Amino acid sequence: MSSQTTSEPAQSAQDIPLVIAGREFRSRLIVGTGKYRTNDEMIRAIDASGADMVTVAVRRVDLDRTKEEGILYHLDPERYFLLPNTAGCYTADEAIRYARLGRAAGMNEWVKLEVIGDQRTLLPDVVATVEAAKVLVAEGFKVLAYTSEDVITALRLEDAGCAAVMPLASPIGSGLGLVNPYFIREIKTRLECPVIVDAGVGTASDACLTMEQGVDGILMNTALAEARDPVRMATAMRLGVQAGRLAYLAGRMPRREVAVPSSPVAGMLD
Amino acid sequence: MSSQTTSEPAQSAQDIPLVIAGREFRSRLIVGTGKYRTNDEMIRAIDASGADMVTVAVRRVDLDRTKEEGILYHLDPERYFLLPNTAGCYTADEAIRYARLGRAAGMNEWVKLEVIGDQRTLLPDVVATVEAAKVLVAEGFKVLAYTSEDVITALRLEDAGCAAVMPLASPIGSGLGLVNPYFIREIKTRLECPVIVDAGVGTASDACLTMEQGVDGILMNTALAEARDPVRMATAMRLGVQAGRLAYLAGRMPRREVAVPSSPVAGMLD
Amino acid sequence: MSSQTTSEPAQSAQDIPLVIAGREFRSRLIVGTGKYRTNDEMIRAIDASGADMVTVAVRRVDLDRTKEEGILYHLDPERYFLLPNTAGCYTADEAIRYARLGRAAGMNEWVKLEVIGDQRTLLPDVVATVEAAKVLVAEGFKVLAYTSEDVITALRLEDAGCAAVMPLASPIGSGLGLVNPYFIREIKTRLECPVIVDAGVGTASDACLTMEQGVDGILMNTALAEARDPVRMATAMRLGVQAGRLAYLAGRMPRREVAVPSSPVAGMLD
Amino acid sequence: MSSQTTSEPAQSAQDIPLVIAGREFRSRLIVGTGKYRTNDEMIRAIDASGADMVTVAVRRVDLDRTKEEGILYHLDPERYFLLPNTAGCYTADEAIRYARLGRAAGMNEWVKLEVIGDQRTLLPDVVATVEAAKVLVAEGFKVLAYTSEDVITALRLEDAGCAAVMPLASPIGSGLGLVNPYFIREIKTRLECPVIVDAGVGTASDACLTMEQGVDGILMNTALAEARDPVRMATAMRLGVQAGRLAYLAGRMPRREVAVPSSPVAGMLD
Amino acid sequence: MITVTVNGEERQLEAGVTVAGLLGALGLHPRLVVVEHNREILDAGDLEDTEIQAGDNVELVHFVGGG
Amino acid sequence: MITVTVNGEERQLEAGVTVAGLLGALGLHPRLVVVEHNREILDAGDLEDTEIQAGDNVELVHFVGGG
Amino acid sequence: MITVTVNGEERQLEAGVTVAGLLGALGLHPRLVVVEHNREILDAGDLEDTEIQAGDNVELVHFVGGG
Amino acid sequence: MITVTVNGEERQLEAGVTVAGLLGALGLHPRLVVVEHNREILDAGDLEDTEIQAGDNVELVHFVGGG
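Protein chains in written order, with our numbering: chain A, 1 to 270; chain B, 1 to 270; chain C, 1 to 270; chain D, 1 to 270; chain E, 1 to 67; chain F, 1 to 67; chain G, 1 to 67; chain H, 1 to 67.
To be clear, the hints were calculated from the coordinates, so they are not data collected in a lab.
All of these numbers come straight from a predicted model, not from anything done at the bench.
The beta-carbon is built from N, C-alpha and C at its ideal position, and this holds for glycine as well.
Be aware that one or more of the hints could be misleading.
[As the list claims (entries may be wrong)] Pairs of lysine to any residue residues, derived as SDA-like cross-links and limited to a Cα-Cα distance of at most 25 angstroms, are as follows: (1) B:188 with C:255; (2) C:142 with F:44; (3) A:134 with G:40; (4) A:188 with A:25; (5) B:134 with D:90; (6) D:134 with B:118; (7) A:142 with G:40; (8) A:142 with G:32; (9) D:134 with D:192; (10) C:188 with C:52; (11) D:142 with H:44; (12) B:188 with A:229; (13) D:188 with A:258; (14) D:188 with B:181; (15) B:142 with E:42; (16) A:142 with A:70; (17) C:134 with A:91; (18) C:188 with A:90; (19) C:188 with A:179; (20) D:134 with B:188; (21) D:134 with H:41; (22) B:134 with E:39; (23) B:188 with B:14; (24) C:142 with D:269; (25) C:134 with F:36; (26) A:142 with A:214; (27) C:142 with F:39; (28) B:188 with D:127; (29) D:188 with A:25.
[To be verified] What follows is a set of in silico ranges between Cβ atoms, one per label pair, in the way DEER data are often shown: (30) C:214 with G:2: 54 to 60 angstroms; (31) C:39 with F:30: 20 to 26 angstroms; (32) C:161 with A:255: 42 to 48 angstroms.
[As the list claims (entries may be wrong)] Quick look at which bits of chain E chain B covers, simulated, 3 or more residues with Cβ under 8 angstroms: (33) 27 to 34; (34) 46 to 52.
Whenever a hint applies, use it, and build me the whole structure from the sequences.
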């Protein structure tokens with residue numbers, strides 16, 4: 001029994017599935033396929049994560065080592081919905097080019113749109129992202145757009161027709177966790193399309209806290225690939241995402257600065 | 001299929017069980033039985049929590065409403081290991097008296113020792129707690145001692161022969177979460193007996209973050225009983241505790257203030 | 001002796017003055033003039049703050065209560081450098097119109113540029129802000145631009161020729177303090193022009209912590225006007241800004257999770 | 001003009017002096033004299049800190065380098081009130097012995113009581129501290145007792161007759177800042193004697209935030225001695241303590257998650 | 001009749017009543033109650049044999065919900 | 001009489017009135033007000049010479065407290 | 001022989017070679033590669049018919065691991 | 001000669017030496033040192049009169065930098 005299936009009862013019993021662009025996903029955790037030490041470790045980690053959507057990048061075939069296999073050798077497209085990204089693109093045109101190549105390489109019209117504005121922070125160029133989103137939506141793409149925690153940009157990406165808006169928790173690969181819960185919460189409050197937090201989550205409590213803000217899902221890669229034990233961390237993230245989601249739906253107790261006993265004060269002996 | 005069972009594969013596959021005083025527990029989450037709106041809600045929440053040890057209080061039988069049932073009508077002692085507490089006691093003698101009554105009422109020699117020092121904060125009287133622990137250990141009790149986040153008191157409780165030491169995350173019923181991770185981590189580092197964080201956890205991310213400090217388990221009550229939906233929150237807590245435990249075992253990625261791409265920088269098109 | 005002068009020795013002895021667009025300012029704290037309960041309280045608070053630059057808004061004269069005095073009746077332009085803002089403008093054109101009116105009403109070509117993108121968060125429309133900045137710089141304005149904590153927008157505002165870039169600590173009037181120190185620090189690292197944190201500071205420790213990130217100054221209004229005692233809070237802010245600035249220059253001790261004694265371990269008695 | 005004097009107007013105008021055991025102090029910042037790189041740097045830092053009470057340790061005279069001067073060569077007892085500590089003592093008896101030696105060496109009956117319980121954390125042995133406090137108070141000492149953030153121990157130290165209770169912000173020399181504001185606030189609320197936060201402050205914003213909790217003062221050493229520039233940091237701490245104190249007295253604005261404009265919404269142009 | 005204190009309240013009982021008798025009169029099943037008689041906890045086996053004297057203090061406790 | 005818009009409100013003015021005249025009638029000191037006449041900002045020097053025509057839009061602004 | 005650019009590197013190919021031919025020569029299975037020919041993405045069906053001319057730019061890409 | 005312990009180290013002193021004499025021999029100014037003689041703190045006034053016996057324990061302390 002694969003560990004991935006173990007949480008479905010809880011999931012199905014107490015939550016509704018994630019729906020993006022009319023497609024239903026079993027898991028609210030979406031994972032990347034980069035930076036793993038080995039392909040085998042990647043496969044086992046993705047299995048443990050329970051993700052049914054995984055991101056991939058579009059790159060040149062290495063002509064010198066033609067025996068080298070692309071990612072498709074490792075991921076069963078029957079099982080995993082592949083989401084091509086435009087990582088590494090610094091202009092709208094470049095991102096659009098990569099999106100089209102991704103569509104040709106894959107089996108769907110979905111794209112994780114990234115237009116990077118700065119090499120050191122890998123923060124998005126929000127102007128170019130909105131511009132590219134409009135073009136790709138017009139071409140029939142389902143655009144999931146990586147963006148900053150800026151509420152206004154998020155609103156514009158929704159207006160541009162994005163299928164999902166994906167604000168960052170903190171910079172890509174930083175592991176700093178959810179730095180600005182206020183803006184993430186505000187984005188979720190203001191948008192109607194799904195909000196997926198993308199980038200910055202470092203450990204399970206980050207994922208749990210992020211889901212507790214009410215967002216629809218989380219996309220991560222480095223937190224799994226760079227964990228000492230990626231498979232165990234993937235299980236932790238699967239459970240942490242579900243935990244945060246259910247805690248959000250359950251409605252937490254109030255915070256108080258004065259203590260309140262858990263046992264009855266009445267009925268004490270003399 | 002009870003939701004509780006859904007996570008066991010992950011659990012058993014990737015973690016060792018919690019062992020206190022030679023007894024093995026399937027769950028690292030221990031829950032209280034106080035303050036629920038109804039007994040039915042309590043039963044369903046405890047089931048969802050996956051806990052196999054639950055705490056109970058010792059109080060006078062209400063002679064005026066003798067049809068009133070004690071907690072034993074609701075909790076199957078075959079399924080749940082009952083841990084009597086000394087909640088509400090303000091002196092060592094009083095706590096010792098309640099511990100003995102709890103032993104007579106229950107089927108085991110275990111006690112959750114609480115000696116409260118102050119009504120407003122419900123913080124422990126650490127001096128009286130150590131004193132009572134010594135007496136009870138000498139009488140053959142397995143003492144799980146509620147205490148502050150003071151490392152030195154924790155060391156003394158271990159020296160006194162406690163089966164487990166249970167520092168608080170924040171005051172009982174406050175829901176403020178893990179206020180002092182440094183001291184909790186230090187207590188775990190310094191003690192050999194199990195460290196169970198007791199009190200203060202408010203939501204799933206608190207539980208997850210607490211377990212990520214490396215402690216052996218968490219005891220909670222108010223966070224479930226006072227959630228808008230205790231059953232869903234109990235599931236969230238079960239998953240959150242497992243997530244934090246596995247993330248601790250997995251070893252998180254390093255934090256960085258500079259971004260690192262998840263997709264290859266090589267192989268970009270011209 | 002005005003309380004404002006009391007800190008100058010420390011200031012002058014241990015720090016360099018703030019210079020924006022070639023103009024030297026004695027204080028790194030810039031304050032607004034809105035929302036005070038009375039004009040007298042405003043005057044005393046601004047005096048206590050030590051600020052030598054204050055912001056003002058441009059609004060219609062109230063023709064029905066012509067005895068009503070403009071702000072110039074209360075602020076001595078010899079003592080305070082007036083910085084007109086474009087608060088309340090939602091488009092580049094509107095902001096440009098207000099900037100020109102401010103220039104005509106004032107004695108300088110400086111403007112605090114604000115182009116709001118959303119009424120609920122008062123977050124900037126970064127695209128329109130950059131656009132307006134370019135126009136105003138071309139007209140010879142010294143533009144101090146309110147912006148989000150987005151590093152890339154900050155870089156573009158500097159490229160556009162802004163005299164200072166003013167990222168927010170948190171939303172205007174929220175008092176949430178410095179939510180994203182990472183991005184504020186990154187903005188300061190990447191820009192050459194002065195970086196003034198504008199909006200969100202709620203109390204003195206917020207101001208102190210913000211200055212410790214290395215930024216050049218802070219602009220605030222609500223934290224003073226809405227304090228129970230604005231004059232005392234203004235003194236607190238003046239001191240807090242200096243404290244944070246000097247702590248930044250002094251270079252703090254390292255953080256450690258293990259204690260280190262302050263008194264010698266040698267020379268103890270037997 | 002010594003930088004120390006520069007803040008007195010603000011201070012005297014807007015705050016009352018700190019009074020401990022009937023003695024008035026100009027500064028709410030108390031500093032240690034340990035770990036400075038040079039005596040000259042120590043003197044200048046203490047001057048800049050504005051402190052009028054400084055702590056000293058009691059140690060053996062070094063008989064091999066008799067030209068070596070004690071601290072009294074460097075600190076003018078006319079200007080600084082010397083507070084001997086019992087640092088390094090691990091039992092009540094040892095601390096009492098050092099307190100008596102300190103009294104014989106100094107000009108007063110004051111002592112900073114420290115009874116350490118653990119070498120790694122330097123956390124207090126709260127039981128032994130209370131015991132030693134009772135003995136020393138009976139001998140006529142003015143006892144300022146270093147303790148943990150435990151509210152109950154703090155109450156007992158006050159009952160024991162301590163002149164001031166000094167809970168830690170975080171471990172001695174750690175620079176982790178104020179870890180548990182709730183308990184520090186509660187201690188201040190519950191005690192009548194002065195509450196001085198001792199140990200753990202790392203930079204000016206820590207000092208400011210700590211004073212904003214309402215405590216009466218702060219005692220620090222490492223944060224100054226280990227700063228890259230102790231004199232500048234001492235000025236920063238002096239200002240930060242005043243800033244936090246005045247912000248506490250001023251009463252901060254409310255926190256809000258929705259923005260509120262600082263400029264009038266009325267009077268906009270068409 | 002004798003006067004005893006049960007769970008903090010004075011009650012009139014017939015002289016010579018046993019603890020088991022008291023439980024019966026109160027409709028409490030012995031297996032669900034712990035009896036503390038003059039600060040001594042009674043074993044189930046002693047309930048029948050333990051006679052309540054005037055002035056005795058009896059506490060009848062059980063488990064309730066608590067954290 | 002002509003109808004003009006001043007600060008968003010319609011007003012009746014005598015034909016031929018200048019901006020300076022309007023300010024005077026409103027009791028506003030020219031040095032404390034900025035005049036935007038049909039979207040053009042007027043220099044202080046032009047207030048006397050600028051005649052207000054029917055349908056003109058005049059905005060009279062000044063500095064107020066703001067952050 | 002003609003000179004073309006494949007994945008950024010100049011290569012000598014026989015005149016008249018098709019894209020399908022190129023893939024074959026490189027040992028690349030057409031179904032696992034996407035071909036961009038002079039900035040135009042080729043459908044699988046066109047690989048046989050598309051002849052490579054001197055100076056053409058050919059990009060051969062596929063999916064790799066990424067986040 | 002007698003053997004005494006001063007600040008934890010054994011020293012040979014002439015019989016009959018006083019504490020004041022010891023301080024002098026060590027070049028220590030009495031006003032800058034506190035003397036603990038066999039666990040008793042000496043008043044400045046007693047330094048002259050206090051004779052050190054064989055086996056005595058003398059601690060000489062002062063203030064040093066500390067936090």
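These are the hints, each one checked on the structure:
no.	hint	verdict
1	B:188 with C:255	holds (21 angstroms)
2	C:142 with F:44	holds (23 angstroms)
3	A:134 with G:40	holds (21 angstroms)
4	A:188 with A:25	holds (19 angstroms)
5	B:134 with D:90	holds (23 angstroms)
6	D:134 with B:118	holds (21 angstroms)
7	A:142 with G:40	holds (21 angstroms)
8	A:142 with G:32	holds (23 angstroms)
9	D:134 with D:192	holds (18 angstroms)
10	C:188 with C:52	holds (23 angstroms)
11	D:142 with H:44	holds (23 angstroms)
12	B:188 with A:229	holds (22 angstroms)
13	D:188 with A:258	holds (14 angstroms)
14	D:188 with B:181	holds (23 angstroms)
15	B:142 with E:42	holds (21 angstroms)
16	A:142 with A:70	holds (24 angstroms)
17	C:134 with A:91	holds (21 angstroms)
18	C:188 with A:90	holds (23 angstroms)
19	C:188 with A:179	holds (18 angstroms)
20	D:134 with B:188	violated (33 angstroms)
21	D:134 with H:41	holds (21 angstroms)
22	B:134 with E:39	holds (21 angstroms)
23	B:188 with B:14	holds (21 angstroms)
24	C:142 with D:269	holds (23 angstroms)
25	C:134 with F:36	holds (23 angstroms)
26	A:142 with A:214	holds (23 angstroms)
27	C:142 with F:39	holds (22 angstroms)
28	B:188 with D:127	holds (22 angstroms)
29	D:188 with A:25	violated (52 angstroms)
30	C:214 with G:2: 54 to 60 angstroms	holds (58 angstroms)
31	C:39 with F:30: 20 to 26 angstroms	holds (23 angstroms)
32	C:161 with A:255: 42 to 48 angstroms	holds (47 angstroms)
33	27 to 34	holds (count 5)
34	46 to 52	violated (count 0)
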